[in-house]
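Undergrad: For reference, the chains in residue letters:
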Amino acid sequence: MDRAAIIGVGMTKIEANKSRETFADMAWEAVNKALNDAGMTINDIDNVVTTSSDFWDGRTISCMAVGDASGAAEKNLSCVEGDGTFGAFYGYTRALSGSYKTTLVTGHSKGSQCISSLITNSAFDPIYERGLGMDMITACAMQANAYMDRTGLKPEDTAQVSVKNHGNALKNPLAQLPMNISVEDVLKSEMIADPLRKLDCSPVSDGCCAIIIANESVAAKFKRKPVWVKGLSFCTDSFFFGDRDLARSNALAQAAGNAYRMAGIKDPKKEIDLVELYDAFTYQELLWLEEMGLAEYGKAANSLKKGEYNLDGRLPVNPSGGLLAGHPVIAAGLYRIAEVVLQLRGEAGEHQVGKAKTGLAHGVNGLCGQSHCVWILDQEK
Amino acid sequence: MSDTFKGIEPMVHNSKISVPYSWWAGDTASKFFIALRDEKKIIAPRCGKCRKVFMPPRKICPSCFTENTEWVSVADEGTLVAFSVARRQLESIPADKKVPVIWGLIKLDGADTALLHYLGEVKPEKVKAGMRVKAVFAESRTGGIRDISHFKPVS
Numbered sequence: 001m002d003r004a005a006i007i008g009v010g011m012t013k014i015e016a017n018k019s020r021e022t023f024a025d026m027a028w029e030a031v032n033k034a035l036n037d038a039g040m041t042i043n044d045i046d047n048v049v050t051t052s053s054d055f056w057d058g059r060t061i062s063c064m065a066v067g068d069a070s071g072a073a074e075k076n077l078s079c080v081e082g083d084g085t086f087g088a089f090y091g092y093t094r095a096l097s098g099s100y101k102t103t104l105v106t107g108h109s110k111g112s113q114c115i116s117s118l119i120t121n122s123a124f125d126p127i128y129e130r131g132l133g134m135d136m137i138t139a140c141a142m143q144a145n146a147y148m149d150r151t152g153l154k155p156e157d158t159a160q161v162s163v164k165n166h167g168n169a170l171k172n173p174l175a176q177l178p179m180n181i182s183v184e185d186v187l188k189s190e191m192i193a194d195p196l197r198k199l200d201c202s203p204v205s206d207g208c209c210a211i212i213i214a215n216e217s218v219a220a221k222f223k224r225k226p227v228w229v230k231g232l233s234f235c236t237d238s239f240f241f242g243d244r245d246l247a248r249s250n251a252l253a254q255a256a257g258n259a260y261r262m263a264g265i266k267d268p269k270k271e272i273d274l275v276e277l278y279d280a281f282t283y284q285e286l287l288w289l290e291e292m293g294l295a296e297y298g299k300a301a302n303s304l305k306k307g308e309y310n311l312d313g314r315l316p317v318n319p320s321g322g323l324l325a326g327h328p329v330i331a332a333g334l335y336r337i338a339e340v341v342l343q344l345r346g347e348a349g350e351h352q353v354g355k356a357k358t359g360l361a362h363g364v365n366g367l368c369g370q371s372h373c374v375w376i377l378d379q380e381k
Numbered sequence: 001m002s003d004t005f006k007g008i009e010p011m012v013h014n015s016k017i018s019v020p021y022s023w024w025a026g027d028t029a030s031k032f033f034i035a036l037r038d039e040k041k042i043i044a045p046r047c048g049k050c051r052k053v054f055m056p057p058r059k060i061c062p063s064c065f066t067e068n069t070e071w072v073s074v075a076d077e078g079t080l081v082a083f084s085v086a087r088r089q090l091e092s093i094p095a096d097k098k099v100p101v102i103w104g105l106i107k108l109d110g111a112d113t114a115l116l117h118y119l120g121e122v123k124p125e126k127v128k129a130g131m132r133v134k135a136v137f138a139e140s141r142t143g144g145i146r147d148i149s150h151f152k153p154v155s
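From first to last, the protein sequence lines are chains C and U.
Once you know that position 100 of the first sequence is 100 in my numbering, the rest is easy, because the numbers rise by one and skip nothing.
Once you know that position 31 of the second sequence is 31 in my numbering, the rest is easy, because the numbers rise by one and skip nothing.
Calculated from the structure, these hints are not laboratory results.
Computed from a prediction, not measured in an experiment: that's the story for all the values here.
Certain hints may be false.
When the alpha-carbon atoms are kept at most 30 angstroms apart in a straight line, the in silico DSBU-like pairs for lysine-lysine are as follows [as the list claims (entries may be wrong)]:
#: 1; chain 1: C; residue 1: Lys75; chain 2: C; residue 2: Lys13
#: 2; chain 1: U; residue 1: Lys126; chain 2: C; residue 2: Lys198
#: 3; chain 1: U; residue 1: Lys98; chain 2: C; residue 2: Lys188
#: 4; chain 1: C; residue 1: Lys171; chain 2: U; residue 2: Lys6
#: 5; chain 1: U; residue 1: Lys6; chain 2: C; residue 2: Lys33
#: 6; chain 1: C; residue 1: Lys225; chain 2: C; residue 2: Lys33
#: 7; chain 1: C; residue 1: Lys198; chain 2: U; residue 2: Lys123
#: 8; chain 1: U; residue 1: Lys128; chain 2: C; residue 2: Lys299
#: 9; chain 1: C; residue 1: Lys198; chain 2: C; residue 2: Lys13
#: 10; chain 1: U; residue 1: Lys6; chain 2: C; residue 2: Lys188
#: 11; chain 1: U; residue 1: Lys6; chain 2: C; residue 2: Lys154
#: 12; chain 1: C; residue 1: Lys154; chain 2: U; residue 2: Lys123
#: 13; chain 1: C; residue 1: Lys154; chain 2: U; residue 2: Lys128
#: 14; chain 1: C; residue 1: Lys198; chain 2: U; residue 2: Lys16
#: 15; chain 1: U; residue 1: Lys97; chain 2: C; residue 2: Lys188
#: 16; chain 1: C; residue 1: Lys13; chain 2: U; residue 2: Lys134
Whole structure, please, built from the sequences with the hints as guidance.
TA: Structure follows, in structure tokens:
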């Protein structure tokens, strides 16, 4: 089978308010960082995929507005609306297609410029649901209740995720919310929607990430040792919550299973060295780990408590600080991929984990994890 | 970052996209809303193949990928599957609702999937998954999802 690799990554710092950069300015920064990282010029890129959301950006065909700053002039530019991992999936298939060799993928958003509750309310069905006034936080609170009800987990169990990830962010200069906090701090923070308190929720953030995916035939031509895409899959669950078992995520179990098979991974608990996953809320880190087969259902909290997911643990999870330390919607999954790439190259700096041969990056699209994208990245082809 | 822009005051430009939409509800939702409005009855489509009854009503069975052609009456009582309680007055919450606002996924007797709606006449602390709830219809009904005012605990 043909192969592709990630040969360059670029991330802006994730911030609460990027008052000095427009969407295009952020793209310019991330794209140039990725090109510099790869040792490429824009002329070495033969096609571009931008990832954005019109509602978050407050303009239609938002993806086209960052093309110029992404160096897309006279190139094939295509767009994905959704999480960056899905844009990267498309970029990967283009790099494999034979028509293209080097795909630049960007993902951007600025949560600071609009009202996130109104944007995420608009994801609900307009005929049956939207007028009831739920948004992402209240929807995920429903999923958190369902999950904690099923597993018997308590708020102090999920709060540990916030403590760990904000703590990891202290070592990541690009993170928005590095914090040294305790379980008590989480349990005392404002209750927004039971059982989710403020410190259980990821912040509103601005940021842009870019990655460069190359076909095997050119992957070794540039500066970096390629990080290989070994396994990749996405799966989608039903749209209506009432059709799903909200306490579980079948779509993620399927996506992860497919990605492991493609990568030839038989025992993910032993073969995956680190994970960067989509922890928009504390409970999600636990539920997603379990559905990816990296912990028994309802048991990830025990492993977390024992320190197994710490930076120096058996399986470091979100060594960068994850989404809890900075959540630029759309770009967030692309940041996960870029972070795993840095880890596998041994270039993650202060938050570098010990063993990092095989890593997993994960992105989510839709309310309560309707759709999941799982990437298995590896130092070796 | 070049020094050209050092000390530049960040300017803000305020804007808004304000576009009214009129969605046709379609045959399936219209039939459901008319029964709510005119008869205070909850009806739902059933898949002719797998026999599943869908709430909220939709034309296509997602499992069988076939059209739902039969309609059945479902009960106005059911079981609470999951719930959510807003404590912060989030911007998405309608103006007539004040926190705490409680939403529930309710599996009505006779349906196979659960409907998203409000819970009312109950304190958030008393809400438990598995509890039995019953629809309270709005006095003034206009043919929409809020023709059901909320679901209340069955005493």
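Undergrad: Each hint needs a verdict: does it hold in this structure or not?
TA: Do the hints match the structure? See the list:
Our distance criterion of 30 angstroms between C-alpha atoms is met by Lys75(C) and Lys13(C), whose separation comes to about 27 angstroms. Taking the CA atoms of Lys126(U) and Lys198(C), the gap is about 23 angstroms. The hint holds against a cut of 30 angstroms. For the given pair, Lys98(U) sits about 23 angstroms from Lys188(C) by alpha-carbon distance, which is consistent with the 30 angstroms threshold. The hinted pair formed by Lys171(C) and Lys6(U) meets the criterion: a straight-line CA distance of about 28 angstroms does not exceed 30 angstroms.
Of the supplied pair hints, the one linking Lys6(U) and Lys33(C) holds, its CA atoms being roughly 21 angstroms apart against a limit of 30 angstroms. Proximity of Lys225(C) to Lys33(C) is assessed by CA-CA distance (about 16 angstroms); at most 30 angstroms being required, the pair is judged to hold. Distance hint between Lys198(C) and Lys123(U) is fulfilled; the C-alpha atoms sit about 22 angstroms from each other, no more than 30 angstroms. Under the criterion of a C-alpha separation no larger than 30 angstroms, the hint pairing Lys128(U) with Lys299(C) is consistent with the structure, at around 23 angstroms.
The hinted pair formed by Lys198(C) and Lys13(C) meets the criterion: a straight-line CA distance of about 22 angstroms does not exceed 30 angstroms. Taking the CA atoms of Lys6(U) and Lys188(C), the gap is about 40 angstroms. The hint is violated against a cut of 30 angstroms. This hinted pair does not check out: Lys6(U) and Lys154(C) have alpha carbons roughly 49 angstroms apart, beyond 30 angstroms. About 21 angstroms separates the Cα atoms of Lys154(C) and Lys123(U), which keeps this hinted pair within 30 angstroms; it holds.
Distance hint between Lys154(C) and Lys128(U) is fulfilled; the C-alpha atoms sit about 15 angstroms from each other, no more than 30 angstroms. Annotation: proposed proximity of Lys198(C) to Lys16(U) holds, straight-line Cα distance about 28 angstroms (limit 30 angstroms). Distance check on the hinted pair: Lys97(U) and Lys188(C) sit about 26 angstroms apart at the alpha-carbon level, within 30 angstroms; holds. At roughly 50 angstroms between alpha-carbon atoms, Lys13(C) and Lys134(U) are farther apart than 30 angstroms, so this suggested pair is violated.
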